[in-house]
Amino acid sequence: MDGRSGGRAGAALSTDRRAVREAARRRRAQRGAAISALSTVVVLGALAALILTSKGWPTVRETFFSWTAFKDSFPDVLDGFWLDIKIFVVVEIAVLVVGLVVAVARSTRSPALFPVRMLGATYTDIFRGIPTILCVYLIGFGVPALELSGVPTDPVVLGGIALTLSYSAYVAEVYRSGIDSIHAGQRSAALALGLTPAQSTRFVVLPQAVRRVVPPLLNDFIALQKDVALVSILGPLEAFRVAQIEASSTFNYTPLVAAACLYLLVTVPMARIVDRMQARTQLRRGGVAPV
Amino acid sequence: MSSAPVLELQGVTKAYGDTPVLRGIDLAVEEHTAVALIGASGSGKSTLLRCVDLLEEIDDGDVLLDGEVVTDPSVDPVPVRRRLGLVFQSFNLFPHLSVLDNVVLGPARAQGMARAEAVSRARELLERFGLGGRASDYPDRLSGGQQQRVAIVRALATRPRALLLDEITSALDPELVGEVLALVRELKEEGMTMLIATHEMGFARDVADEVCFLHEGRIHERGEPARVLSAPSQPETQRFLRRLLEAGRV
Numbered sequence: 001m002d003g004r005s006g007g008r009a010g011a012a013l014s015t016d017r018r019a020v021r022e023a024a025r026r027r028r029a030q031r032g033a034a035i036s037a038l039s040t041v042v043v044l045g046a047l048a049a050l051i052l053t054s055k056g057w058p059t060v061r062e063t064f065f066s067w068t069a070f071k072d073s074f075p076d077v078l079d080g081f082w083l084d085i086k087i088f089v090v091v092e093i094a095v096l097v098v099g100l101v102v103a104v105a106r107s108t109r110s111p112a113l114f115p116v117r118m119l120g121a122t123y124t125d126i127f128r129g130i131p132t133i134l135c136v137y138l139i140g141f142g143v144p145a146l147e148l149s150g151v152p153t154d155p156v157v158l159g160g161i162a163l164t165l166s167y168s169a170y171v172a173e174v175y176r177s178g179i180d181s182i183h184a185g186q187r188s189a190a191l192a193l194g195l196t197p198a199q200s201t202r203f204v205v206l207p208q209a210v211r212r213v214v215p216p217l218l219n220d221f222i223a224l225q226k227d228v229a230l231v232s233i234l235g236p237l238e239a240f241r242v243a244q245i246e247a248s249s250t251f252n253y254t255p256l257v258a259a260a261c262l263y264l265l266v267t268v269p270m271a272r273i274v275d276r277m278q279a280r281t282q283l284r285r286g287g288v289a290p291v
Numbered sequence: 001m002s003s004a005p006v007l008e009l010q011g012v013t014k015a016y017g018d019t020p021v022l023r024g025i026d027l028a029v030e031e032h033t034a035v036a037l038i039g040a041s042g043s044g045k046s047t048l049l050r051c052v053d054l055l056e057e058i059d060d061g062d063v064l065l066d067g068e069v070v071t072d073p074s075v076d077p078v079p080v081r082r083r084l085g086l087v088f089q090s091f092n093l094f095p096h097l098s099v100l101d102n103v104v105l106g107p108a109r110a111q112g113m114a115r116a117e118a119v120s121r122a123r124e125l126l127e128r129f130g131l132g133g134r135a136s137d138y139p140d141r142l143s144g145g146q147q148q149r150v151a152i153v154r155a156l157a158t159r160p161r162a163l164l165l166d167e168i169t170s171a172l173d174p175e176l177v178g179e180v181l182a183l184v185r186e187l188k189e190e191g192m193t194m195l196i197a198t199h200e201m202g203f204a205r206d207v208a209d210e211v212c213f214l215h216e217g218r219i220h221e222r223g224e225p226a227r228v229l230s231a232p233s234q235p236e237t238q239r240f241l242r243r244l245l246e247a248g249r250v
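So the sequence lines, in the order shown, correspond to chains A and B.
So in my numbering, spot 204 of the first sequence is number 204, and the numbers just go up one at a time.
So in my numbering, spot 60 of the second sequence is number 60, and the numbers just go up one at a time.
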């Protein structure tokens, strides 16, 4: 963009004006960079000073940021974290499927499917309304208490089911907002080609709706990655639980910090992916062709 | 299929709530002919086409396709729609599908044609209408005129008995109208049966065998395009055409 100066067959005057403007623009950019650097140093410096000079800092450093405690606990916490990853991957896939089924059920119009719509609405109302931690408790301890044969009693499975039920309710609503956002003309065009209403949904409405809701879906998955820790209340040795046990046996909280680092390791990249996708959607909405 | 018109409307009536939109429309489109519907926005042209394609349910009267009633509540609308092609003012191409897949979807999914055959026929049609080079592009890469031509090809791919065109140039920039109208003229020469809602009077005069002037849900005047458009007998038609003339649209 900068290489175009002097390219036009304008008068000398316009070239002068261009030079003046470019110089002003450069000055503005330099000043902006200087100010943001300075304010960063000041704010971070003040924060660091506040923490490092506080009375309790030496104790906090010892109990939360002890390198030896970190080294000793990290392998066990990491082991536990693999369980988090496994639960997370399985639940995520289940949520994608269950959420879509519920959303499609709620979007049907046929009178014969009224009970399906009603069930879908009741389900989302209930599971979005209960705190996830309560849902894990109720299913994790309630279902085994029924003593039904053939029903899973493994706390990992029950915790996974509870998370799936809770998150599918949110995800169903995300899908549904996507379905509702597809212009009615798309459905008309599909029907006009002779597609059945079900085919119109399957081949025209859903593919567009799903594409549109990928960023908000990923946002829900970031939340899910963290909430996997809730399964720990049922007993499985996942990262948070392992860290808790280590912390209470050594009176040092560093293992919890280690667990937090592991969660960040998966959620931060996910957050960056969401940002990138949202920026891309923005570009597309603005009419600029995506590359 | 001998003497019956391809499309026939008998006293078609439609209201949205308390607002009547169509108040008893009688109309026939004979095979290989084109009927143009003209009239102000809101006169019911689009609703009429949507009713014929069974995208809207009518309140009274009947629509007949090749002599058979298709608006009976017992008739499944899906196979009827497969026999008609509808092109929309706003194109309504499927943005997530390539141009080729837009054209293939109808034959492959609605008509159960083998995909390979549907693809080769779609390529042939696109080629014929000068769109062969855009087959693998997505609709948002095309100009409005190209998009609307793809939409027409998409409708043609299902080999419709009749084509319903709903103000297909109204959303186009003026310089892109010509290429779309040229395509429709070509179809007319090939004998396609068409029911055309349009604001382009010059086009109606060229292509249509009959022009119907729609006003407040009724056909106020109909006849030869040259006669209706240059010497209208009804005061409503005269007023409508005068307004178009003043706006520089004729």
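One should not assume that every hint holds.
What the hints assert, rightly or not - With the Cβ distance kept under 8 Å, some of the chain B side facing chain A (calculated, not the full set): (1) Pro95; (2) Arg109; (3) Ala110; (4) Glu127; (5) Arg134.
Stated by the list, open to error - Where chain A lies over chain B, by a calculated footprint (3+ residues, C-beta under 8 Å): (6) 84 to 90; (7) 184 to 196.
Just so you know, the hints here were simulated from the structure itself, not pulled from any lab data.
Computed from a prediction, not measured in an experiment: that's the story for all the values here.
Backbone N, C-alpha and C fix where the C-beta goes; we use that ideal spot for every residue, glycine too.
Results for each hint:
no., hint, in the structure
1, Pro95, "holds (7 Å)"
2, Arg109, "holds (6 Å)"
3, Ala110, "holds (3 Å)"
4, Glu127, "violated (21 Å)"
5, Arg134, "violated (15 Å)"
6, 84 to 90, "holds (count 5)"
7, 184 to 196, "violated (count 0)"
Checked against the numbered hints given earlier, this structure breaks hints 4, 5, 7; the rest are met.
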